[in-house]
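2 protein chains.
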Amino acid sequence: MKAISVLGSTGSIGTQTLEIAEEFPNQFKVVALTAGRNLPLLVKQIQKHTPEVVALADESLLPELQERLNSLSKENRPNPLPELIGGTDGLNTVASWDHADVVVTGIVGCAGLLPTLAAIKSGKDLALANKETLIAAGPVVIPELKRSGSRLLPADSEHSAIFQCLQGTPWAENARLSTGTPTPGLRHIQLTASGGAFRDWSIEELEKASVKDATSHPNWSMGKKITVDSATLMNKGLEVIEAHYLFGLDYDQIEIVIHPQSIIHSMVELADSSVLAQLGWPDMKLPILYCLSWPNRLETSWRRLNLTEVGNLTFKQPDTLKYPCMELAYSAGRFGGTMPAVLNAANEEAVAQFLQEKIHYLDIPKLIEHACEKHKVDIKSSPSLNDVIAVDKWSRKEVKIQAKKSKYQIPLSGL
Amino acid sequence: MKAISVLGSTGSIGTQTLEIAEEFPNQFKVVALTAGRNLPLLVKQIQKHTPEVVALADESLLPELQERLNSLSKENRPNPLPELIGGTDGLNTVASWDHADVVVTGIVGCAGLLPTLAAIKSGKDLALANKETLIAAGPVVIPELKRSGSRLLPADSEHSAIFQCLQGTPWAENARLSTGTPTPGLRHIQLTASGGAFRDWSIEELEKASVKDATSHPNWSMGKKITVDSATLMNKGLEVIEAHYLFGLDYDQIEIVIHPQSIIHSMVELADSSVLAQLGWPDMKLPILYCLSWPNRLETSWRRLNLTEVGNLTFKQPDTLKYPCMELAYSAGRFGGTMPAVLNAANEEAVAQFLQEKIHYLDIPKLIEHACEKHKVDIKSSPSLNDVIAVDKWSRKEVKIQAKKSKYQIPLSGL
Numbered sequence: 001m002k003a004i005s006v007l008g009s010t011g012s013i014g015t016q017t018l019e020i021a022e023e024f025p026n027q028f029k030v031v032a033l034t035a036g037r038n039l040p041l042l043v044k045q046i047q048k049h050t051p052e053v054v055a056l057a058d059e060s061l062l063p064e065l066q067e068r069l070n071s072l073s074k075e076n077r078p079n080p081l082p083e084l085i086g087g088t089d090g091l092n093t094v095a096s097w098d099h100a101d102v103v104v105t106g107i108v109g110c111a112g113l114l115p116t117l118a119a120i121k122s123g124k125d126l127a128l129a130n131k132e133t134l135i136a137a138g139p140v141v142i143p144e145l146k147r148s149g150s151r152l153l154p155a156d157s158e159h160s161a162i163f164q165c166l167q168g169t170p171w172a173e174n175a176r177l178s179t180g181t182p183t184p185g186l187r188h189i190q191l192t193a194s195g196g197a198f199r200d201w202s203i204e205e206l207e208k209a210s211v212k213d214a215t216s217h218p219n220w221s222m223g224k225k226i227t228v229d230s231a232t233l234m235n236k237g238l239e240v241i242e243a244h245y246l247f248g249l250d251y252d253q254i255e256i257v258i259h260p261q262s263i264i265h266s267m268v269e270l271a272d273s274s275v276l277a278q279l280g281w282p283d284m285k286l287p288i289l290y291c292l293s294w295p296n297r298l299e300t301s302w303r304r305l306n307l308t309e310v311g312n313l314t315f316k317q318p319d320t321l322k323y324p325c326m327e328l329a330y331s332a333g334r335f336g337g338t339m340p341a342v343l344n345a346a347n348e349e350a351v352a353q354f355l356q357e358k359i360h361y362l363d364i365p366k367l368i369e370h371a372c373e374k375h376k377v378d379i380k381s382s383p384s385l386n387d388v389i390a391v392d393k394w395s396r397k398e399v400k401i402q403a404k405k406s407k408y409q410i411p412l413s414g415l
Numbered sequence: 001m002k003a004i005s006v007l008g009s010t011g012s013i014g015t016q017t018l019e020i021a022e023e024f025p026n027q028f029k030v031v032a033l034t035a036g037r038n039l040p041l042l043v044k045q046i047q048k049h050t051p052e053v054v055a056l057a058d059e060s061l062l063p064e065l066q067e068r069l070n071s072l073s074k075e076n077r078p079n080p081l082p083e084l085i086g087g088t089d090g091l092n093t094v095a096s097w098d099h100a101d102v103v104v105t106g107i108v109g110c111a112g113l114l115p116t117l118a119a120i121k122s123g124k125d126l127a128l129a130n131k132e133t134l135i136a137a138g139p140v141v142i143p144e145l146k147r148s149g150s151r152l153l154p155a156d157s158e159h160s161a162i163f164q165c166l167q168g169t170p171w172a173e174n175a176r177l178s179t180g181t182p183t184p185g186l187r188h189i190q191l192t193a194s195g196g197a198f199r200d201w202s203i204e205e206l207e208k209a210s211v212k213d214a215t216s217h218p219n220w221s222m223g224k225k226i227t228v229d230s231a232t233l234m235n236k237g238l239e240v241i242e243a244h245y246l247f248g249l250d251y252d253q254i255e256i257v258i259h260p261q262s263i264i265h266s267m268v269e270l271a272d273s274s275v276l277a278q279l280g281w282p283d284m285k286l287p288i289l290y291c292l293s294w295p296n297r298l299e300t301s302w303r304r305l306n307l308t309e310v311g312n313l314t315f316k317q318p319d320t321l322k323y324p325c326m327e328l329a330y331s332a333g334r335f336g337g338t339m340p341a342v343l344n345a346a347n348e349e350a351v352a353q354f355l356q357e358k359i360h361y362l363d364i365p366k367l368i369e370h371a372c373e374k375h376k377v378d379i380k381s382s383p384s385l386n387d388v389i390a391v392d393k394w395s396r397k398e399v400k401i402q403a404k405k406s407k408y409q410i411p412l413s414g415l
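If you read the sequences in order, they're chains X and H. Going by this note's numbering, the first sequence opens with residue 1, and the numbers climb by one from there. Going by this note's numbering, the second sequence opens with residue 1, and the numbers climb by one from there.
It should be emphasised that the hints constitute simulated quantities derived from the structure, not laboratory data. There may be inaccurate statements among the hints.
Any copy, or any two copies together, can satisfy a pair, since identical chains are not distinguished.
[To be verified] When the alpha-carbon atoms are kept at most 20 Å apart in a straight line, the in silico EDC-like pairs for lysine to aspartate or glutamate are as follows:
id : residue 1 : residue 2
1  : Lys2      : Asp272
2  : Lys358    : Asp213
3  : Lys285    : Glu22
4  : Lys29     : Asp272
5  : Lys400    : Glu357
6  : Lys285    : Asp272
7  : Lys224    : Glu357
Isolated chain X, as found in the complex (with noise of 0.2 Å):
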């Protein structure tokens, strides 16, 4: 029996989670959760997992929590209750918590950094959703991870994939993800990509691309923010960064690849030119239940894949004019330090502002450049966390800041 902490049990990773719970009761069990507003479905995963503690990043919520647990019938009322905190010690406690032996960490953005370097000097397994963390903080993460010998297990499906794939390596046999150290006998990754919801447009098309083209994602259930990420291929982009502090490996040797089906997760090829690849449907609970179970499988009843079904895997290059943002992050990337957080923190904040209809879709690549273009004579090499967060704070500001200037303004007459 596993027991188990989610952080935003009830965003999508943390609901997938909690299904999962419910699926193997003799496997796993919740201790603990953190969430954020949505109080209703937080009292309903309480009374069925009963958790021990749980913890709300908004402390004024605190007390609606209590008075929502306490109107209960004594019948539908958990018991025990759980303990409440809040704030940023509430999340943390929650992320270190002693009776948990894997931590989740499902909350989006760099909010999920501190409690996830919580549990990560706590020396948890962490099974990680979080691409934050890495992306914008690999450089404070990766000496923490061998210090506290705290393992990174990736819940991105396409790490994940690749984390399946290396299963068989000399490598994989020391079970220490995330050391920063190369993998012998690992070439290349090709993570795929589903090219997002304008894997057919034209670039001229994308001019007039709304809010409502972007969030419509082809093959994947997934969050606004990272179904625009999908389109502009800047997730993509995220997950080379995430990737090369997972996996070791230089940014040369990481490549994608457009695959509109989905159905491989990504590749490996390994130095003898031989390549391993993770299919499945796409569903995030094989990931996340491959973090749980890990070194171990277990039996599920989940519709068996079905390529006769699916027929035709296609694959081509992605068209770099199409999708600036793959080399920006890649850019990013190789310029390390604080950039990759400069870059995160861009996107975030000029996603943000085009999900609020203030710029075009086309403006998102110009903004995240002109950040990072200004944070090149700032570059810190081997930051604190507090150079990370000082950067990520005014990344954002510098893309509101153009954002507000004319040419990006969206006409009150809209597109």
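Position chain H against the provided structure of chain X, taking the given hints into account.
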């Protein structure tokens, strides 16, 4: 440095093994060879690799080989000259040669059975390219493997793919193939089949299939017999039986999928529904190299797989009406005991009759089915080696007799 013994050095597997030895002179040393009748090539191989011992299946050719070696000028003559031996004893001596670490068994058909068994009895690791060893003599081989501790490393591209995919399973850590015990966590395997020369032919067109048609394989360059097996899908049927013994799987766990591009060499479906696949260009050198380097991988400069160049991978269910040999193989495998030996021998003889243009292409499965049907009353479930050899002989004779009947004979005027 690994010392290699090559059984069948002038055949397709043998020559590719020697190419690998040349390519990695610091890793591999060829210490023993056996060959059939291609003495000019054998002499060149002896010159290049200076093995300690060479055996000829046909003893009567020994003087000619000796003469060819003696007649070489001094600077071209291998020094020291290898010990030359012949006949079945000679092959067995090479197969269990003391100085060899790995034996590559590239002898096609049942001729390879005895030397392969000799290698197994000597406890050596085997790079198994001779399918018949397991197909015909599985019930004899499995107990021998357990006794001697010999390990079967599959050189067949499909089984190599599965072996590679399984490296990360707890089972693979035992590094003991072919113990006949089920593999935990392994739910299904899918053997990919190109569909062979007739994959785009209708059943009606197959009535007119000529030897030339049947021996033109779309993807792999192989011998004539195996190319016909590929057209009938008997090749895949035999691989199903081979996989049954290699990986300890029930026949229900082994599936065949038509994949015309031959890029995915096979797949495994694990307990949690995750699918792992091994990919590469259609080239036997990679699976042979993996047998020799396992559990490590050697750096090659072979052409990288480029999926964007391939563009499309397609998959479909095999048509059981078009490929009756496939079902015959499953059925023979399920009967077990001596039945797969009868199937295999009947197929060898039927294909020989077809290659001699004595029977029609569509008669191949009919002749095999006839032999298997007739054998049903005589199956031995735990046969001895002599039983296997006896049913093999019986089956060939039975097919020969049947083939002479007028309903199978092609009239002198041809197809």
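How the hints compare with the structure:
1. Lys2 with Asp272: between (37 Å within a copy, 17 Å between copies)
2. Lys358 with Asp213: within (15 Å within a copy, 65 Å between copies)
3. Lys285 with Glu22: within (12 Å within a copy, 47 Å between copies)
4. Lys29 with Asp272: between (42 Å within a copy, 19 Å between copies)
5. Lys400 with Glu357: within (13 Å within a copy, 80 Å between copies)
6. Lys285 with Asp272: between (32 Å within a copy, 10 Å between copies)
7. Lys224 with Glu357: Within. Shortest intra-copy distance 13 Å satisfies the 20 Å Cα cut-off; inter-copy 66 Å does not.
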